[in-house]
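Colleague: These are the residues of each chain, in order.
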Amino acid sequence: MIQNLPWLFLLLPLVVAAIDWLCFSKCPRTAAGLSTLSAIATFALCVAYLNGWQTGTPDIYTWLPTATEGMTSLSMGLVTDALAMRMMLVVTGIGALVHIFSLGYMKGDSSNLSRYFAGLSIFMFSMSTIVLADNLAMTFIGWEMVGFSSYLLIGHWFHKDSAADAAKKAFITNRVGDFGFLIGILLTLAVFGTITFAEMGGKAAGIAPALLTATVICLFCGAVGKSAQFPLHVWLPDAMEGPTPVSALIHAATMVAAGVYMLVRLQVSMGTEAFTETACITIASVGAITAVLAALMAMQQDDIKRVLAYSTLSQLGYMVMAVGLLAGEAAMFHLYTHAWFKALLFLGAGAIIVCCHHEQDIWKMGGLAKLMPLTVLCFLMGTFALIAIPGFSGFFSKEAILHAALETCPVFFWIGAGVAALTTFYMTRLCLVAFCGQARDHGAAEAKEAGPTMLLPLLALGVMAIISGYGFIADFLVPYTGFEAHGFELGLPFYVSMGSLALGIIAALLVYGCGKRTTDPLAGNCLSTALRKRLYIDTIYDKGLIGGIQEYGAQIIEFADAALIRGVIVQGFAWLTAKFGMLLSWIQNGSLRGYALVAGIGIVIFVFILAFTIPTL
Amino acid sequence: MESAISSILFYVFAAAAVLCAFGVVAFRNPVSSAMNMALCFGFTAAVYFGMGAQFLGIVQLIVYAGAILVLFLFIIMMLDIKAEEHARKSFPLACIAVIIAGIFAGFVTKVAISLPGATVGECPAIVLCESIGELAPGTIAQKAETEGFAPYGSAMPELSPAAAAKALGADEATAAAATAFPDTKLLGQSLFTKYNIPFVILSFALLAGTVGAVALGRKLRKD
Amino acid sequence: MTPLAHYLIFSGILFSIGLAGVIIRKNIIVVFMCLEMMLSAANISLVAFSRAQGVNGIPMYDAQVLALFIVAIAAAEVAIGLALIVAMFRARKSVESSALNTLKD
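Keeping their order, the protein sequence lines are chains H, G and A. Everything in the first sequence is counted per this note's numbering, starting at 1079 for the first residue and increasing by one. Everything in the second sequence is counted per this note's numbering, starting at 12 for the first residue and increasing by one. Everything in the third sequence is counted per this note's numbering, starting at 3 for the first residue and increasing by one.
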């Protein structure tokens, strides 16, 4: 009984979500409290579990038993290795902080709070399912469930068209990746003969490389969708339409990292030999392209949340690249540090947005450093971690990735270094514009420090953003079995990253000064417009793909519907039946003599057959 | 001589019957049609008499020409039916009808003249019977030879009052002395012995017909 | 004496005339008469066959019995048919077969 404690990680949020939704939809405070309590309780359980309160292997439940021999039956089980449990720690920890932050952030919101917190709880449940799943089928269930809860939470303010559209966009874009993921799962079942992680090990050796490549790339498709890699990255910036805590939890720290987690999980269980060279290059290239493109696009965004969203994309690209370079350890390290500091950045941005009366444009802020120093300080901690100033957590993990890249494939190392410079540039730009100088709008001018429910999580996360990279903490918390933080060492990676850091800061300082400017000096030329317009990728999708499908696909379907189905099948048969009926009704003309005539003809034919043809047979 | 006269009489009566039948179809006035039909039935009855089927001839006269025809006339009078309007547009229909009738008559003629012995060739009906095993091949011809009845093509066999009397149970002398053919007796014997049960069932059919006619002829109630 | 074939031809002609009459005539009573004529024509061939199939100078009376039955059935048929015609006349005020086309509409 007691060994089934990890199941509680799943069941607690699920039950709470159901209760919130079904019982407390009319009393949001109870729902919010219940949901927050469950998140904290899960976090506490997780901490307890990691601190030696390990209860043994949880039971495995057979979900779909197989009647025939030789078929794999689907089971539901949990993995409780370090990778999963420490990942759970990150998820539940950030989850709990976000729940607390949400209490403050959503206070004045008129929308249905029960729905919001139920959505958060569902998300916690589904994310835990992904993390703890012991087979790909269960992962897929969680995969779809996080997509669903993400849809619910992005579209929380569904009365706004943009939010509803963004929710739809996220959901539909994810479908594309999930389709590949599903194929990948089936391929895995066919190739490895199992989808349980524990049974996959060592089976990759005897399998044709092409088959392995196909399997891994199909599974990678799922990560491309969920972790918003190029070319399916378009949904993540739009997902910022959701409430900011949701962005912090789902679209920065945990859900989008699920793709990376899943890839690392596969790498660990299948063994690195399953990741063929082609697959690795594909994965690393996709990650690198995403990192570069997203960093470029982030340079010209004005919305504080969008800058962070693109930076998330860029960092996810880093992680995926690391996975492709077979540096799962480095990827998970970066995932772990990134989760803390990116959650911090988003929650800080959320606090700033709330305090500026829901103003998100950085050009309408300014001078916030004086008005809300604590919040800004926390935000700066996150920024420093993100741009990898030595001593902050991001520095260690980024260094680990660059190390791995330099060892495996120097091209990716230089790409990583370039992205680091870009990251430094846009984050410095953001901080300079938003925090320095004078307030440029009355919303920013009236800003004051955020309330305690928002500040507490910020402070907690700020501490984590600083210290989580050091070996004495990371060794215990980084979700990777047998993780050991590499000590800080001088060398080419260090010099290059210092160079790019300096380059980025100096460039940003030169361009943006100390917050004196009121408009972006880089804006106006065609390059910046292109970056602002997200390199027209969304436009191409909208016009080319969606428009094309809707225009021409609709025409084809319209043709098929009108001409074939309505014209030929429905109306055609009706017409034929009617005409046939007319013909028959012409015969049924009610004229007795006509009938008699036909009867006479019949008699003649009958006599003819009887008397003249049969004997000659 | 006698047979020649009866033969001639048959042709005369047959021709008259056919003429009257034409009249039935041709006259537009239903009363004329009915009268023509009475004549036609009368001539048919004469043909029956010529074949020695006196009882059927009488029945034909009484039932058809008498009862049925009178019924027809009665209805025509009662309903006061006028002559048919001349319908021009039914001319094509009439043509087709005549053609069909002609073809049918042709078929019958063809079958009749190809009866065994009538002309060259064999009766298709007999060939059919032989082919499906109802009759052994050549049975009819053999029967005609051994049992002494004429092939179909030749003249009909003479009626034999003596054989009939014998069949009715008379002794040799009486049978030999018989001169009139006891048609009605023989028919009655067949009807009330071999076909007794069908005859009874037929009476039920007649009863049902009567009831039906009464039911149909009733005035419909207004409710 | 006359051969069987001639009787049969006579019967066939009578039947054909009846058939043509059934098709051509509009007056339903005359149509009915033609039907009777066709039955009668069938009787003629039955009697002719009965005579031709006779053994030792005695006709086959089976056929004549059948002819008798036909006469009886014809009588019943006429009774019912004429009752129907009367009913039809009551309903339609006509005995033309063209009046019997209610089903068409």
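No lab work stands behind these hints: they were computed from the structure. Just so you know, even glycine gets a beta-carbon here, dropped at the ideal spot from N, CA and C. One or more of the hints may lead you astray.
Part of the chain A face toward chain G, derived, beta carbon under 7 Å [to be verified]:
hint : residue
1    : Leu16
2    : Ile19
3    : Ile26
4    : Ala44
5    : Lys95
6    : Ala101
Straight-line C-alpha distance at most 35 Å; calculated DSBU-like pairs for lysine-lysine [stated by the list, open to error]:
hint : chain 1 : residue 1 : chain 2 : residue 2
7    : H       : Lys1238   : H       : Lys1657
8    : A       : Lys95     : G       : Lys230
9    : G       : Lys205    : A       : Lys95
10   : H       : Lys1448   : H       : Lys1246
Colleague: It remains to establish, for every hint, whether it holds in the given structure.
Modeller: Tested hints:
1. Leu16: holds, 6 Å
2. Ile19: Hint holds; isoleucine 19 (chain A) Cβ to chain G Cβ min 4 Å, cut 7 Å.
3. Ile26: Since the shortest Cβ distance to chain G is 5 Å, the answer is holds.
4. Ala44: violated, 11 Å
5. Lys95: violated, 10 Å
6. Ala101: violated, 12 Å
7. H:Lys1238 with H:Lys1657: Violated - the C-alpha atoms of lysine 1657 (chain H) and lysine 1238 (chain H) are around 54 Å apart, more than 35 Å.
8. A:Lys95 with G:Lys230: Within the cut-off at roughly 14 Å; holds.
9. G:Lys205 with A:Lys95: At roughly 47 Å apart (the allowed maximum being 35 Å), lysine 95 (chain A) and lysine 205 (chain G) break the hint.
10. H:Lys1448 with H:Lys1246: With Cα atoms ~39 Å apart, lysine 1448 (chain H) and lysine 1246 (chain H) exceed 35 Å; violated.
When each numbered hint is compared with the structure, violations occur for hints 4, 5, 6, 7, 9, 10.
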